[in-house]
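Take the sequences, apply the hints, and build the full model.
Here the protein sequences line up with chains A and B, keeping their order. Those letters in the first sequence? Residues 1 to 62, per our numbering, in order. Those letters in the second sequence? Residues 1 to 488, per our numbering, in order.
Quick caveat, the hints were computed from the structure, so don't treat them as lab data. Incorrect hints may appear among the rest.
To be verified - Now the in silico label distances, taken between C-beta atoms and shown as ranges:
id : chain 1 : residue 1 : chain 2 : residue 2 : range
1  : A       : Glu14     : B       : His170    : 24 to 34 Å
2  : A       : Asp48     : B       : Arg275    : 19 to 29 Å
3  : A       : Arg50     : B       : Arg295    : 51 to 61 Å
Unchecked claim - With the Cβ distance kept under 10 Å, some of the chain A side facing chain B (calculated, not the full set):
id : residue
4  : Arg3
5  : Val7
6  : Arg15
7  : Tyr17
8  : Asn19
9  : Tyr20
10 : Ala21
11 : Leu23
12 : Ala26
13 : Ile28
14 : Lys29
15 : Leu30
16 : Leu31
17 : Pro33
18 : Ser34
Unchecked claim - Some, not all, of what chain B presents toward chain A, calculated at C-beta under 10 Å:
id : residue
19 : Glu136
20 : Met137
21 : Asp138
22 : Phe139
23 : Trp167
24 : Asp265
25 : Leu266
26 : Cys267
27 : Asp268
28 : Tyr277
29 : Gln278
30 : Ala279
31 : Gln280
32 : Cys281
33 : Leu282
We treat Cβ as the ideally placed atom computed from N, Cα and C, and that holds for glycine.
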Amino acid sequence: MERIFWVDCPECSERFYCNYAELRHAGIKLLCPSCHARFLPDEAAALDERESEPTGSPAPAP
Amino acid sequence: MAKDLRAFLRQLRDDELVEVDRAVKPHEFEVTALLKQLEDRRQYPAVMFRNPTDMYGGKSPFSLLVNAYAERERCATMLGVDPATPNWEVSLAFARKSNEALDSVVVASGAAPVHENVWRGKDADVGRLPMVRHFEMDFGPVITMTHVMRSLEGHYNVSFAKTFYKWDPHEMVVSLHTRDNTRIVREHEKAGKPTRIVNVLGHHPAFHLGTVARNEWGANDYATLGAFVGEPLRLTPSVTWGDEFMVPADAELIIEGELPPGKRDLCDPFGEVARLYQAQCLRPVLEVKAITFRRGAIMQDIFSGFRDSCPFGSVLKEGHLWNVLHEKFPNLHQISSPDSSCGVYAAYVSMKDIQPGQAQEIGRLILETFIVIQCVIVVDADIDVFDEKQVLWAFHTYTNLEKGFQTNGNWERQRHVRHAGEGSGKAPQSGFATSNWGARAVIDATRPQDFAFGLRSEVPQEVLERMKLEDYLPGAATSAHKIPVGAK
Chain A
1 MERIFWVDCP ECSERFYCNY AELRHAGIKL LCPSCHARFL PDEAAALDER
51 ESEPTGSPAP AP
Chain B
1 MAKDLRAFLR QLRDDELVEV DRAVKPHEFE VTALLKQLED RRQYPAVMFR
51 NPTDMYGGKS PFSLLVNAYA ERERCATMLG VDPATPNWEV SLAFARKSNE
101 ALDSVVVASG AAPVHENVWR GKDADVGRLP MVRHFEMDFG PVITMTHVMR
151 SLEGHYNVSF AKTFYKWDPH EMVVSLHTRD NTRIVREHEK AGKPTRIVNV
201 LGHHPAFHLG TVARNEWGAN DYATLGAFVG EPLRLTPSVT WGDEFMVPAD
251 AELIIEGELP PGKRDLCDPF GEVARLYQAQ CLRPVLEVKA ITFRRGAIMQ
301 DIFSGFRDSC PFGSVLKEGH LWNVLHEKFP NLHQISSPDS SCGVYAAYVS
351 MKDIQPGQAQ EIGRLILETF IVIQCVIVVD ADIDVFDEKQ VLWAFHTYTN
401 LEKGFQTNGN WERQRHVRHA GEGSGKAPQS GFATSNWGAR AVIDATRPQD
451 FAFGLRSEVP QEVLERMKLE DYLPGAATSA HKIPVGAK
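In structure tokens:
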């Protein structure tokens, strides 16, 4: 499953998400779709980069 | 008279094509706001916006057509099938045309409708197009139609890819994601060459529908698309590269451009066909060289994730799976990829006289053939796979959840699509993959045969055929959801 991370725009507070592999640590400024502000992921007002649990593992016993 | 978009529109009934004369701002969600309300009312006409604005707020020189694919009856008309039989017959038509090819014919630029108007240099301003911003979190206005590329070996590939507006008259970003056009870009970049690209913004709808057919690498997509349209495509030399790159002569509107090697910019989010936003990412930049168009040109757009985009996934899956599976499974009856999965994630399959183990076997092959499918439900042939209520009835009634429901996190050929914007990693595809878990399911919802089991209730067929509804309840037989919403 593709990993994403959510950011809150530091200018307008609107949220959107980005491709983790390409943009989280690439030093590239993101572009807010709402207000067109440019900012680095670490400059986001909030960041949610939680990862999913690994898939394919056996289900826990009931 | 060539088979083009206008010829197709002339075939439609008044209630299949409605026109909006009032000005609308496509880049401020006004087009999708109207389409969403129609869909909520279960009304799915093709909608022609005659006075959309451009990116500067002025009147665009182009009309905008959306929702052309939102009814399978119209897809039937596109493919030369009787619209009274819009389900499995459309799937089979797609299957047949996928295996056919018609050599294209060349016409001189002066005889090509798409060259009636040519904008080059600073006149080639993409801001004049009525580009649609579809969904709240979208990156911005976008073009949703097909691109033509040419491999270094010389074959033409035609595929869907979104082209994002960058608030720049001469540069856009192309969200490439299909295997072949990604490969073409990679090979050009390796050779240090720009990739030539042509965005076809309007043509006979079968042209666009046929682009999702699964061609082998090296196949000439123009020949396949001739089979879909129903006659050889007419091609003409591009205005930028001449006969080194041929373009569809009967297109409404095209953009000619180049992708400089290694040049990337941000694009997305975009509300994808699976009804999830694709994540912001880096993709190739398109430098616009020319815009050419017919007099009174119509630009097409797809209402992604809604009924308008479903056939691009569903009809493809149904037709291609038939081609792949019907010889191995002579008792295969029909296949449907339902709108509830946006034509992406699910396949319903009906089998005649199914044999023990066949449900799991055909399910596994379907999951291997289409890596985006997450769930296959196998039913008996008396269940109409195009009627989801019947399929779910079979699931709720027949499936033994202990034995008939198999999941597996290790199906072969898990996602391995690479993007032009990525390095050498095996990253999965954006958007679709956001909900594409590793584990996938095959559900055997066929009636148990290995022990005494109940029978589905039915009204006798002979009486159904004798008792005509219109003889007893005049007016009740008309289709309730096809209420005209406007006039041509």
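Hints and how they fare:
1. Hint check: Glu14 (chain A) to His170 (chain B), Cβ distance near 28 Å, so the stated range 24 to 34 Å holds.
2. Distance hint check for Asp48 (chain A) and Arg275 (chain B): the Cβ-Cβ separation is about 21 Å, which falls inside the suggested range of 19 to 29 Å.
3. Checked against the hint of 51 to 61 Å, the pair Arg50 (chain A) and Arg295 (chain B) passes, with Cβ atoms roughly 54 Å apart.
4. Annotation: interface hint on Arg3 (chain A) holds; nearest CB of chain B at approximately 9 Å, less than 10 Å.
5. This hint holds: Val7 (chain A) has a C-beta 9 Å from the nearest C-beta of chain B, less than the 10 Å allowed.
6. For the restraint placing Arg15 (chain A) at the interface with chain B, the shortest Cβ-Cβ distance is roughly 8 Å, inside the 10 Å limit, so the hint holds.
7. With a least beta-carbon distance of about 5 Å to chain B, the hint placing Tyr17 (chain A) at the interface is held under the 10 Å criterion.
8. A hinted interface residue such as Asn19 (chain A) counts as satisfied when its beta carbon comes closer than 10 Å to some beta carbon of chain B; here the least separation is about 4 Å, so the hint holds.
9. With a least beta-carbon distance of about 8 Å to chain B, the hint placing Tyr20 (chain A) at the interface is held under the 10 Å criterion.
10. Proximity of Ala21 (chain A) to chain B holds as hinted, the smallest CB-CB distance being about 5 Å (cut-off 10 Å).
11. Residue-level restraint check for Leu23 (chain A) holds (minimum Cβ-Cβ distance to chain B is 7 Å; threshold 10 Å).
12. Because the smallest distance between the Cβ of Ala26 (chain A) and any Cβ of chain B comes to about 8 Å, under 10 Å, the interface hint for this residue holds.
13. Among the interface hints, the one on Ile28 (chain A) holds; its C-beta lies about 7 Å from the nearest C-beta in chain B, closer than the 10 Å criterion.
14. With 10 Å as the threshold, the beta carbon of Lys29 (chain A) comes within range of chain B, its nearest partner Cβ sitting at about 9 Å, so the hint holds.
15. The beta carbon of Leu30 (chain A) is positioned within 10 Å of a beta carbon in chain B (closest approach about 6 Å), and the interface hint is therefore held.
16. About 5 Å separates the beta-carbon of Leu31 (chain A) from the nearest beta-carbon of chain B, less than 10 Å, and the hint is met.
17. Look at Pro33 (chain A): its Cβ gets to within about 5 Å of chain B, closer than 10 Å, so that hint holds up.
18. Checking Ser34 (chain A) against chain B by beta carbon gives a least distance of about 8 Å; that is within 10 Å, so the hint holds.
19. Using the Cβ-Cβ criterion of 10 Å, the hint placing Glu136 (chain B) at the interface with chain A is satisfied: the shortest such distance is roughly 9 Å.
20. The beta carbon of Met137 (chain B) is positioned within 10 Å of a beta carbon in chain A (closest approach about 5 Å), and the interface hint is therefore held.
21. Hint status for Asp138 (chain B) relative to chain A: holds, with the closest Cβ pair at about 6 Å, below 10 Å.
22. With 10 Å as the threshold, the beta carbon of Phe139 (chain B) comes within range of chain A, its nearest partner Cβ sitting at about 5 Å, so the hint holds.
23. With its C-beta approaching chain A no nearer than about 8 Å, Trp167 (chain B) sits inside the 10 Å limit, and its interface hint holds.
24. About 9 Å separates the beta-carbon of Asp265 (chain B) from the nearest beta-carbon of chain A, less than 10 Å, and the hint is met.
25. For Leu266 (chain B), the shortest C-beta to C-beta distance to chain A is roughly 5 Å, which falls under 10 Å, so the interface hint holds.
26. Hint status for Cys267 (chain B): holds, given a least beta-carbon distance of 9 Å to chain A, under 10 Å.
27. With 10 Å as the threshold, the beta carbon of Asp268 (chain B) comes within range of chain A, its nearest partner Cβ sitting at about 8 Å, so the hint holds.
28. With a cut of 10 Å, the hint placing Tyr277 (chain B) at the interface with chain A holds, because the nearest CB-to-CB distance is about 7 Å.
29. Of the supplied interface hints, the one on Gln278 (chain B) holds, with its beta-carbon coming within about 9 Å of a beta-carbon of chain A, less than 10 Å.
30. For the restraint placing Ala279 (chain B) at the interface with chain A, the shortest Cβ-Cβ distance is roughly 4 Å, inside the 10 Å limit, so the hint holds.
31. Here the hint on Gln280 (chain B) is kept, as its CB sits about 4 Å from the closest CB of chain A, short of 10 Å.
32. For Cys281 (chain B), the suggested interface contact is upheld, since its CB lies about 4 Å from the closest CB of chain A, less than 10 Å.
33. Interface hint status for Leu282 (chain B): upheld, as the beta-carbon distance to the closest one in chain A is roughly 5 Å, under 10 Å.
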